[in-house]
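Single-letter residue listing:
Protein chains: 2
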Amino acid sequence: MGKKFRETHTIPFYECDAKRRLTIPTLIKLAVSCSTVQSEQLGVSEEDVEKLGLGWIITHYEITISRLPEQGETVTVQTEAESYNKFFCYRNFWIFDESGAECVFIESVFALMDFETRKIASVRDEVLAPFESEKIKKIKRPTPLLPFEKATESKDYRVRFYDLDANQHVNNAVYFSWLFDVLDRSFLEEHVPEKIVLNFNKEVRYGEMVVSEYELVEEVEFLATKHQVNSQDQLSCEATIYWQK
Amino acid sequence: MGKKFRETHTIPFYECDAKRRLTIPTLIKLAVSCSTVQSEQLGVSEEDVEKLGLGWIITHYEITISRLPEQGETVTVQTEAESYNKFFCYRNFWIFDESGAECVFIESVFALMDFETRKIASVRDEVLAPFESEKIKKIKRPTPLLPFEKATESKDYRVRFYDLDANQHVNNAVYFSWLFDVLDRSFLEEHVPEKIVLNFNKEVRYGEMVVSEYELVEEVEFLATKHQVNSQDQLSCEATIYWQK
Chain E
1 MGKKFRETHT
11 IPFYECDAKR
21 RLTIPTLIKL
31 AVSCSTVQSE
41 QLGVSEEDVE
51 KLGLGWIITH
61 YEITISRLPE
71 QGETVTVQTE
81 AESYNKFFCY
91 RNFWIFDESG
101 AECVFIESVF
111 ALMDFETRKI
121 ASVRDEVLAP
131 FESEKIKKIK
141 RPTPLLPFEK
151 ATESKDYRVR
161 FYDLDANQHV
171 NNAVYFSWLF
181 DVLDRSFLEE
191 HVPEKIVLNF
201 NKEVRYGEMV
211 VSEYELVEEV
221 EFLATKHQVN
231 SQDQLSCEAT
241 IYWQK
Chain G
1 MGKKFRETHT
11 IPFYECDAKR
21 RLTIPTLIKL
31 AVSCSTVQSE
41 QLGVSEEDVE
51 KLGLGWIITH
61 YEITISRLPE
71 QGETVTVQTE
81 AESYNKFFCY
91 RNFWIFDESG
101 AECVFIESVF
111 ALMDFETRKI
121 ASVRDEVLAP
131 FESEKIKKIK
141 RPTPLLPFEK
151 ATESKDYRVR
161 FYDLDANQHV
171 NNAVYFSWLF
181 DVLDRSFLEE
191 HVPEKIVLNF
201 NKEVRYGEMV
211 VSEYELVEEV
221 EFLATKHQVN
231 SQDQLSCEAT
241 IYWQK
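So the sequences go chain by chain: E and G.
Heads up: the first sequence begins at 1 in full-length UniProt numbering, then just goes up one per residue.
Heads up: the second sequence begins at 1 in full-length UniProt numbering, then just goes up one per residue.
Quick caveat, the hints were computed from the structure, so don't treat them as lab data.
Please note that the accuracy of each hint is not assured.
[Unchecked claim] Each computed PhoX-like pair below joins lysine-lysine, with the alpha-carbon atoms no more than 25 Å apart:
1) G:Lys-19 to E:Lys-51
2) E:Lys-155 to G:Lys-155
3) E:Lys-86 to E:Lys-4
4) G:Lys-86 to G:Lys-155
5) G:Lys-202 to G:Lys-3
6) E:Lys-155 to E:Lys-86
7) E:Lys-195 to E:Lys-155
8) G:Lys-51 to E:Lys-19
9) G:Lys-3 to G:Lys-51
10) G:Lys-137 to E:Lys-202
11) E:Lys-86 to E:Lys-137
12) E:Lys-155 to E:Lys-202
13) G:Lys-4 to E:Lys-19
14) G:Lys-86 to G:Lys-140
15) G:Lys-4 to G:Lys-195
[Unchecked claim] Over the 10 Å line for every Cβ pair with chain G, so calculated as not near, a few chain E residues:
16) Asp-17
17) Lys-119
18) Arg-185
19) Gly-207
20) Leu-235
Yeah, the Cβ is synthetic: ideal placement off N, Cα and C, and Gly gets one too.
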């Protein structure tokens, strides 16, 4: 069990979609922003980690949505760096509404990248110590994705200047806008995601073109979309989104 | 003199660019959000105006930037619906930093659109009364734009689902991302705008492709970029941005 940290946030209209529901990219931004503030308060800010020649990257998300908060609601965002092994850190996020009900639960996997080699570095105990995360031996197996077969539709996106954050690469929330935007407007207006499983495979850089593809799967038991984002013919990110039926 | 309204806001990392400065689209979102909250508190929310078959549109911005606020700063956003005539409402916005210094001053022109005819409707006194705006005869002449001659560069953008807001059209802040993104990354990293003059000419709808073009003007006295955004071969928005030298 790591130290828990929480912040409150009132959702302005500009963080919402055309249906006044919190957008998924903003949901991710709120979560990661909360962990950034916790890290600063514990004296292991991004700048502190940079001084070691390292930077945080996110490799996996598993997002369970009970209800998307709406414009004007004041939510509590909570995070906890739960545990870590030699290479991966397991961090959880929660979004609660004013009644204390859980709207969103996010499990994520973070790793440290060595800026020089651009490869994953082993986790340093001193970076993790302030979070009081449990050190474990096990490497957790993420929930598998549904296999991608044949694209129902695809759209191209050019990386924009405002997609970059202070790490000089595409902010991880932007991938969610590529994943969702490729879907039809009417589908997005009529459906709410209930579970998103996502793997990041490769960084995308400024000016690159990405291709976002999806495949619709409609079964008796579930409605899902399977996603791939490719850049320069290399898989950058893949995901499965399960939708409320 | 209208009623003034102010809110404070702490700038999270995700509202900033790669240089940790507040992005221009977020600057606009913060301003308009502040006027939305004031309108709600005065009992003339967007929903109330909608019931009259009307909706607010913005036709002109003139933005003077002394300093762009940075990540982590707590700013005060202030607005005042200063005056109005038969067709136009003149609303000002300010962003102050913690020391009370003015970072940004925005003059804007709002109008009411009739949803049925899609044309500008005359301003209703009952909609404006709660703001205590001064009724004037004069139609103010906006600062002229530098004439656009020949594009230095152009980029295409497809309207995305998350570009739409609850009014079901492209949020006005999105135009600023098209205006800025067409510029070179190195130019954007090295320069800060000091004045932006912008006219909106025509709505852009979901799924349309827009072409954002700019022309660089380097004079002894000033450095400026002139901008046009076209959609379906019609001028949607034009602007002049003056940059700190």
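Okay, the hints, checked on the actual structure:
1. G:Lys-19 to E:Lys-51: holds (18 Å)
2. E:Lys-155 to G:Lys-155: holds (16 Å)
3. E:Lys-86 to E:Lys-4: holds (22 Å)
4. G:Lys-86 to G:Lys-155: violated (38 Å)
5. G:Lys-202 to G:Lys-3: Not OK: Lys-202 of chain G and Lys-3 of chain G at ~30 Å, beyond 25 Å, violated.
6. E:Lys-155 to E:Lys-86: violated (38 Å)
7. E:Lys-195 to E:Lys-155: Cα-Cα ~23 Å, so holds.
8. G:Lys-51 to E:Lys-19: Within the cut-off at roughly 18 Å; holds.
9. G:Lys-3 to G:Lys-51: holds (24 Å)
10. G:Lys-137 to E:Lys-202: violated (60 Å)
11. E:Lys-86 to E:Lys-137: Given pair Lys-86 of chain E, Lys-137 of chain E holds - Cα atoms ~7 Å apart, limit 25 Å.
12. E:Lys-155 to E:Lys-202: It holds: about 19 Å lies between the C-alpha atoms, which stays within 25 Å.
13. G:Lys-4 to E:Lys-19: violated (30 Å)
14. G:Lys-86 to G:Lys-140: holds (12 Å)
15. G:Lys-4 to G:Lys-195: Distance of about 23 Å is within 25 Å: holds.
16. Asp-17: For Asp-17 of chain E, whose nearest Cβ neighbour in chain G is about 6 Å away, the distance does not exceed 10 Å, so it is violated.
17. Lys-119: holds (23 Å)
18. Arg-185: Non-interface label fails for Arg-185 of chain E: nearest chain G Cβ at 6 Å, not farther than 10 Å.
19. Gly-207: Non-interface label on Gly-207 of chain E violated, nearest chain G Cβ at 7 Å vs cutoff 10 Å.
20. Leu-235: About 22 Å separates Leu-235 of chain E from the closest Cβ of chain G, which puts it past 10 Å; holds.
Taken one by one, the earlier hints fail for this structure at numbers 4, 5, 6, 10, 13, 16, 18 and 19, listed in ascending order.
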